[in-house]
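Colleague: Residue strings, one per chain:
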Amino acid sequence: MRFNPNTDADRRAMLDAVGVKDVADLFHDIPAEHRFPALELPPPLTEMEVIREIQALAEENVNLDQFACFLGAGAYRHFTPSVVDMVISRNEFYTAYTPYQPEISQGTLQATFEYQSMAAALTGMDVANASHYDGATAVAEAVIMAINVHRLKRKKIVISPTVHPMYRQVTRTYTQGMGLNIVGDVSDGQNDFRALLGLCDNETAAVVVQNPDFLGQLHTPNEMQDLANAVHEHGALLVVATDPIALGLFTPPGHYGADIVTAEAQSLGNGLNFGGPYLGLFAFRNNLVRRSSGRLVGETVDAEGERGYVLTLSTREQHIRRAKATSNICTNQALNALAAAAYLAAMGKQGLRKVAELCWHKAHYAADRIGQLEGYEIVAEKPFFKEFVVRCPRPVAEINAFLLDEYGIIGGYDLSQDYPHLGDAMLICVTEMNTREEIDDLVEALAEVNQPGVPLELEVGS
Amino acid sequence: MSYKYDESARYAKSHEWARLEGDVVVVGISDYAQDLLSDVVYVELPEVGATVSAGEAVATVESVKAAEDVMAPVSGEVVAVNETLEDTPEVVNEDPYGAWFFKIKPSDPSELDALMDAAAYEAFVAEEEAG
Amino acid sequence: MSEPFIYELGEPGRHGVDVPDVDVPETPIPAEFVREELPLPELSEADVVRHYVHLSQKNYAVDVGFYPLGSCTMKYNPKVNERMARLPGFVNLHPLQDPATVQGAMQLMYELQAMLAEIAGFDAVTLQPSAGAHGELTGVLIMRKAQIARGQGHRTKILVPDSAHGTNPATTTMSGLRVVELPSDKNGNVDLEALKRELDDDLVGLMITNPSTLGLFEQHIVEICELVHQAGGLVYGDGANLNAIMGIVRPGDLGIDVMHFNLHKTFSTPHGGGGPGSGPVGVTAELAPFLPGPIVDVDENGEYIWKWPEQSIGRVRSFHGNFGVIVRAYTYIRMHGAEGLRRVSEDAVLNANYMQARLQARGDYPIPYGHRTCMHEFVAQGKISGAAGVHALDVAKRLIDYGFHPPTMYFPLIVHEALMIEPTETESKETLDAFIEALTRIAEEARTDPDLLHTAPHLAPVRRLDEVRAARRPILTRTPPAHRATK
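Chains as they are written, first to last, in the working numbering: chain F, 1 to 462; chain L, 1 to 131; chain P, 1 to 487.
With the rest of the complex left out, here is chain F (with noise of 0.2 Å):
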């Protein structure tokens, strides 16, 4: 085995050393009766033979390098830079384990600084720490940080039913067994900050948006203001949801009275990957850090007084706090806040936003051309930035087929079972990786499907 470097004579020797006879009797501790169980595992491959049958896994999906791809819902096809893959393949990078001693991780506890510095001043934010899992999970952390931030004595949590859906679940999942009232997101899924403020009291821990919305919606800096003002009247924390690509152009949370903002930051040069590997990015004020949960890089200097980085404020974490931590996170999404950093020091000031311009204009170009069509209404109250509501006149699921069958076009994401009330309704997702023919071959595609004529039952494959 070419992993276990060990020769036959080598292990003779250890086992001499040690003082046993053979390997078999380091494991006497083992009930003997479930010592040594057979397992039933697919032959051993060389790594010739392991490519072999891997890629054909590999081959069998429909990638996006193939197909033009108009879904976003939480997860987003943007150019990643060559320089990126360069920086998160170098060994000594992705091969380190987290930065325990500090005087050898200088690499990954000066990147991680970099990233939680260039992640505050995108959201605006004071402090933004070394990631959480992906979006759904940072903002369960942000409902549980603002309980601890409340000591534990307010237990309602207010969300926009336009927060992701699956952030709301995750959400209720973190939270089952700490009995919060958790409210605001069973109306007709409209981003109505009255009817959220309305629930808010002096019970209320936070109050939870997203912006631009699940939707794609964007509020006013304005708007949000307000809202912020309303919701700390009452004591509670302002938790914004974000798109950061969208802050490459647009009025950081930081700006209009966030206490915690969280985001899906796999945009920022990480690929799609299936749904994960993502990074969870998550900043807040410093008035709240000593409750903040997650891993925190500070500067420092060392013995002969020259800068350093080492973690700090460990005393909330796990390993120190135990039953009384802010969380349990230990492992996180380092390499892909690696990720995230060099892409952003790519990009630059310049380079984000004129991704967000980007957009924002094809993807206003996509929806006029569709709103244009008959039997298509782009359902937007608001202006929004990349995604947009479309409602059909077939249902979603029939359309997506015929596209991906005649076109090769992967559709916007179907919102019926999230959003009945919007009927026959697709979210549809421009970004920078699609060209103005791909758009018009959308629309034609949208056109034609539309046409009577047109076979109403579509298999996916057929």
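Derived by calculation from the structure, the hints in this document are not laboratory data. This structure is a prediction, so every number in the text was calculated from the model and none was measured. Hints may contain errors.
In silico DSS-like cross-links for lysine-lysine, where the CA-CA straight-line distance does not exceed 27 Å [as the list claims (entries may be wrong)]: (1) L:Lys105 - L:Lys13; (2) P:Lys429 - P:Lys383; (3) L:Lys103 - F:Lys153; (4) F:Lys21 - P:Lys429; (5) F:Lys324 - L:Lys65; (6) L:Lys65 - P:Lys383; (7) P:Lys196 - F:Lys324; (8) P:Lys186 - P:Lys157; (9) F:Lys153 - L:Lys105; (10) P:Lys157 - F:Lys324; (11) L:Lys13 - F:Lys324; (12) P:Lys79 - P:Lys429.
Following the hints, put chains L and P in place on chain F, whose structure we already have.
Modeller: Positioned in the frame of chain F, the structure of chains L and P alone reads:
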């Protein structure tokens, strides 16, 4: 190791000292406790006006590697907290018997009698060290 | 030499990526939404590359050298794993694509679920949790919900041995349950009498790490599981130390009801400087209905489908899990097969016992449980006879000068001055010998020149860092102050 003791204070097994000053009990942590913790980096104090009972965790003191509760040695109302510790936690190490955490107006001053005097506490510390 | 902070590099006007021009008619962007300034760095592509290459050179990693960090299983990460995880047919898949378009990816997940279940002796597995602690939360929420389903919702108590990782008690609290700590006995096993005293009608279950964080196999594990079950409790297995027992024993066969796997430990996926990991959870048939959804199943036509377990605790993250990590672990298991995995565990345990025996023979460092055969790791103490002022920390820092990553320090908490050493199976006898040699020389230095240790490391990119200063007056970001939320 030899530690400092304040002869005028009484001590809890959880290493707080409590000193009766007028009608309030002033509370801090002992020299032994600060030495065990090493460099104190953060102190979290209770709210003034809070009602506390003896043995209840009401404050926290943290070093880089540990976070310990500070218990109320007597029951009563918190009437003052030492906010200077929030900005200069190092005084807990430098002057443990001067760096008070909070003051309690006791509901039952006789609870102080249940605590150890300096000599008894010194013996208790010696036992802890040996264990 | 210190590498500049990223905002100290570059010049206004530089950028590292050329973004294409707009190729569609433009739509005006309402001014009220637009941010005034975007305080990001301005670097060329080469500036970015050099910055990160410089930073990487300040890192120690498994691909640099020996990394015997106890409880972390820092084994070599096969490079084919990386190649497989980067296949376009995996990287460029959207998680919400129609299942019919991602059958290959779902097949891989289905097979990994089955292989993990087989390796650890469970009936069902979810791949959704993103890390070990995330798997623990999943598992404890499953136990809680299963107790409710049994009509035992009044139960609130989780037992956790005092040698456990901090994640165990932290997870318990997060789940709304309460922790009762169990002492260990003189052999490092759970104190059975203490356990028996806690077996009452309030018991949700026990969380146990086996092999334990002392590197010892719990000698009464079957009896412990039986006792907990008799009291109406469930047993959670913390799978952090699975690397010792693949093909040796299956936790499910011993009576464990639910367990998380750490793909980033046992199954060779890289740690990434702290993540991403992956923490799949395996359960018995009784607990399978409570798994988070969706999991991959196969229908009567042989098509892979997403399935929601009937009484699911809910999802624990968005989408399906850290798929990129899952691909790597799958690759690893397929290369090893049953015999290969058993060989992994045998060699991991042999390497640890060899180190323990040699260190014990030298006698410089106490090994409190050295009278027992260890599993894949063991705990020594940084208490060197004749060098009273030297601590585990000093030994660890001095090891850096010898070119090694130090062991885990000061854990488990029940051993004073703990140095927890886990060599893994991918290290050669020469490497282990060199490490023992270094420890011996350090013990000698501790007696003759203790200051050399107190001021170590001497050969690292930086000297000892002031952690007290970092914690007293935290500097957690540096950004242009005008852009901060709190002015």
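Colleague: Work down the list of hints and note, for each, if the structure agrees.
Modeller: Evaluated hints:
no.	hint	verdict
1	L:Lys105 - L:Lys13	21 Å, holds
2	P:Lys429 - P:Lys383	25 Å, holds
3	L:Lys103 - F:Lys153	24 Å, holds
4	F:Lys21 - P:Lys429	18 Å, holds
5	F:Lys324 - L:Lys65	15 Å, holds
6	L:Lys65 - P:Lys383	19 Å, holds
7	P:Lys196 - F:Lys324	25 Å, holds
8	P:Lys186 - P:Lys157	25 Å, holds
9	F:Lys153 - L:Lys105	25 Å, holds
10	P:Lys157 - F:Lys324	15 Å, holds
11	L:Lys13 - F:Lys324	21 Å, holds
12	P:Lys79 - P:Lys429	22 Å, holds
Of the hints listed earlier, there is not a single one the structure fails to meet.
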